[in-house]
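Participant: According to the UniProt record's numbering, the sequence shown is numbered sequentially starting from 1.
Be aware that a few hints might be false.
Restricting the straight-line Cα-Cα distance to at most 27 angstroms, the calculated cross-link-like pairs of lysine-lysine (DSS-like) are [stated by the list, open to error]:
1. 32 - 318
2. 318 - 365
3. 502 - 455
4. 365 - 102
5. 198 - 455
6. 32 - 102
7. 455 - 86
8. 86 - 102
9. 198 - 86
10. 455 - 365
FRET-style restraints, in silico, Cβ to Cβ [as the list claims (entries may be wrong)]:
11. 496 - 47: 18 to 24 angstroms
12. 113 - 12: 44 to 50 angstroms
13. 450 - 352: 35 to 41 angstroms
14. 337 - 211: 41 to 47 angstroms
15. 504 - 392: 53 to 59 angstroms
16. 45 - 332: 17 to 23 angstroms
17. 24 - 245: 57 to 63 angstroms
18. 16 - 512: 32 to 38 angstroms
19. 230 - 505: 30 to 36 angstroms
Note that these hints are calculated values from the structure, not bench results. Note that the coordinates shown come from a computational prediction; the quantities given were computed from them, not determined experimentally. Ideal Cβ positions, reconstructed from N, Cα and C, are used throughout, including at glycine.
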Amino acid sequence: MSMTDHIRADDLMALDALQRALGDDRVLADAKTRDYYANDIFWQPGIPPLAVVMAQTGEEVAEAVRVAAEHGLSVVPRGGGMSYTKGYLPDRADSVVIDTRKLNRIVEVNADDRYITVEAGCTWESVNAALEGTGLRTGYWGPLSGVNATVGGALSQNSAFFGSALNGTVAEAVLGVTVALPDGRLATTGSGGRKGTKPFTREGGPDLTGLFLGDNGAFGVKVSATLRLWPRPAETGFLSFGFESLNAMAAAQVEMARTRLVAEGFGIDRTKAQHSASVNRISDGLKALGAVATSGKSLLEGVKAAAGVAVAGAGFLKAHNYTLHIVTEAADEDALRKGMATLSAIGRAHGTEIENSVPKVMRAKPFGPVRGMLGLNGERWVPIHAVFPLGDAQRVVDANEAFFAERRPFMERHGIVYSVMSMTVGNEFFLEPAFYWTDEITPLHAASVGAEIVKPWMNRPANPETRNAVAELRRATQELYAGLGGVSWQVARDYPFAEILKPETWSLLQDVKRALDPRGLMNPGSLGLATLSGRGS
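Take the sequences, apply the hints, and build the full model.
Facilitator: Written out as structure tokens, the structure is:
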């Protein structure tokens, strides 16, 4: 079947206009490509877009948006493809996905003024590589999926991991962004939006930068961003602890967060250790040894650390119901020693100190392959999360434990495996259950994890019944967390949003959308902002 058999004449005219404006090599419209862009990590199958634009400059993004708007096509921004909340999935066939991964240039590293400007398609791995040798780093410096995840995607969805216990989410690191607005204008926020001014500060009038952070692409397509830089701490230490209960681990995490000594840390249950850590770095110890060895201050120190990782392996994780893994940093050895003593005392007051090989390996090679997207034996995986005030952690953990205990028969009936991860992000307690189940492997999983790795599982049949059960379980969890006063990022088209905002707040958001995007063509449906008017308006 050809495209002309199932695509309207005006869509074909729009496609022709895009190809004439940008070139055939920038506009992909074959069936295989369109089907690939109709799925994310969890939600499938979706609606294939009319075309995918592989823009290579901000100007090309702006032109694509302008032409699409001219022809009444909706525009869907896409980053590294690591989303599982329908953030980059079209809600209609007459859509154009703008894939920003080829906007991957480092625009400027300004060590004197402490900022870096990068295009939105840069991965976090490439951002950190660009800063090697400068002695500087962004506060938040990437997610675990940083080999694929892009800066633009993180800004649109919000993100936390490396550096986040101390420095908060990626939003705290942003000084300004350049965005292709729904009418095709390129606008820059922060001081970079002033005439003849460097992009060195976010302040100076209303915080327009914040408008485009966590917007899930509802207000425009990000083409570049400027991030604040800080000195990279000279010393790094690692600690791990085992706990009997999630309550005990959460108590330790909250107490540690209040010391502001943790750079990043995460807690996992035994199930997570079996399904993720054993396949995602630790049991890969032989490959990790070289990275651990070179991460030491001296060759001897590095070799000793590598030997410790090899001896420890990952088996010790299964001896504890829950394990917590901490990275701490300091300006000098004395401060590091004191900080580690403080954190060690807190951890031992609630649990048991154990081998610290997990945080060592993670820091030695922070941006490894995105193997955790699938379980140990190729099970599908999807998480759900929320953040809460630190003081609410125990109440939230109690409610979470009771909720999943009640749903254990439902999960067993559908073959769903539950695990949980927790961490602190600045002054927030972050809780993230995840679900594993057997299902088909999609082309997105194969491309992200690696064709050779997924090869044994490629013939698995689709399992829509269990996938729907997971969706039902996730929705119930979302509602639980919202009822507990939690806040979720990555809203997109997945998390409840309009129904949990105060009416006045929701109407303000709608007003902003109407002002920027009166026809509702920029990622329609994202944030629950439905199309305001359609083609021909």
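Participant: Taking the hints in turn, state whether each one holds.
Facilitator: Verification of the hints:
Of the pairs offered as hints, the one joining residue 32 and residue 318 is violated, with about 42 angstroms between alpha carbons and a cut-off of 27 angstroms exceeded. Taking the CA atoms of residue 318 and residue 365, the gap is about 23 angstroms. The hint holds against a cut of 27 angstroms. Our distance criterion of 27 angstroms between C-alpha atoms is broken by residue 502 and residue 455, whose separation comes to about 48 angstroms. About 24 angstroms separates the Cα atoms of residue 365 and residue 102, which keeps this hinted pair within 27 angstroms; it holds.
With a CA separation close to 49 angstroms, the supplied pair residue 198 and residue 455 exceeds the 27 angstroms bound. Our distance criterion of 27 angstroms between C-alpha atoms is met by residue 32 and residue 102, whose separation comes to about 20 angstroms. This hinted pair checks out: residue 455 and residue 86 have alpha carbons roughly 26 angstroms apart, not beyond 27 angstroms. Our distance criterion of 27 angstroms between C-alpha atoms is met by residue 86 and residue 102, whose separation comes to about 21 angstroms.
Only pairs whose Cα atoms come within 27 angstroms are accepted, and residue 198 paired with residue 86 is rejected, the gap being roughly 36 angstroms. Distance restraint check for residue 455 and residue 365: the Cα-Cα separation of roughly 25 angstroms lies within the 27 angstroms cut-off, and the hinted pair is therefore satisfied. The supplied range of 18 to 24 angstroms is met by residue 496 and residue 47, whose beta-carbon atoms lie about 22 angstroms from each other. With their beta carbons about 49 angstroms apart, residue 113 and residue 12 fall inside the hinted range of 44 to 50 angstroms.
For residue 450 and residue 352, the Cβ-Cβ distance of about 36 angstroms falls inside the hinted range of 35 to 41 angstroms, so the restraint holds. Remark: the range hint 41 to 47 angstroms for residue 337 to residue 211 is upheld by a beta-carbon distance near 44 angstroms. A beta carbon spacing of about 25 angstroms between residue 504 and residue 392 contradicts the range 53 to 59 angstroms that was offered as a hint. Between residue 45 and residue 332 the CB atoms are about 55 angstroms apart, so this pair departs from the stated range of 17 to 23 angstroms.
A hinted range of 57 to 63 angstroms for the beta carbons of residue 24 and residue 245 is consistent with their spacing of about 59 angstroms. Distance hint check: the CB atoms of residue 16 and residue 512 are about 33 angstroms apart, consistent with the given range 32 to 38 angstroms. Restraint check, residue 230 to residue 505: a C-beta distance of roughly 33 angstroms satisfies the suggested window 30 to 36 angstroms.
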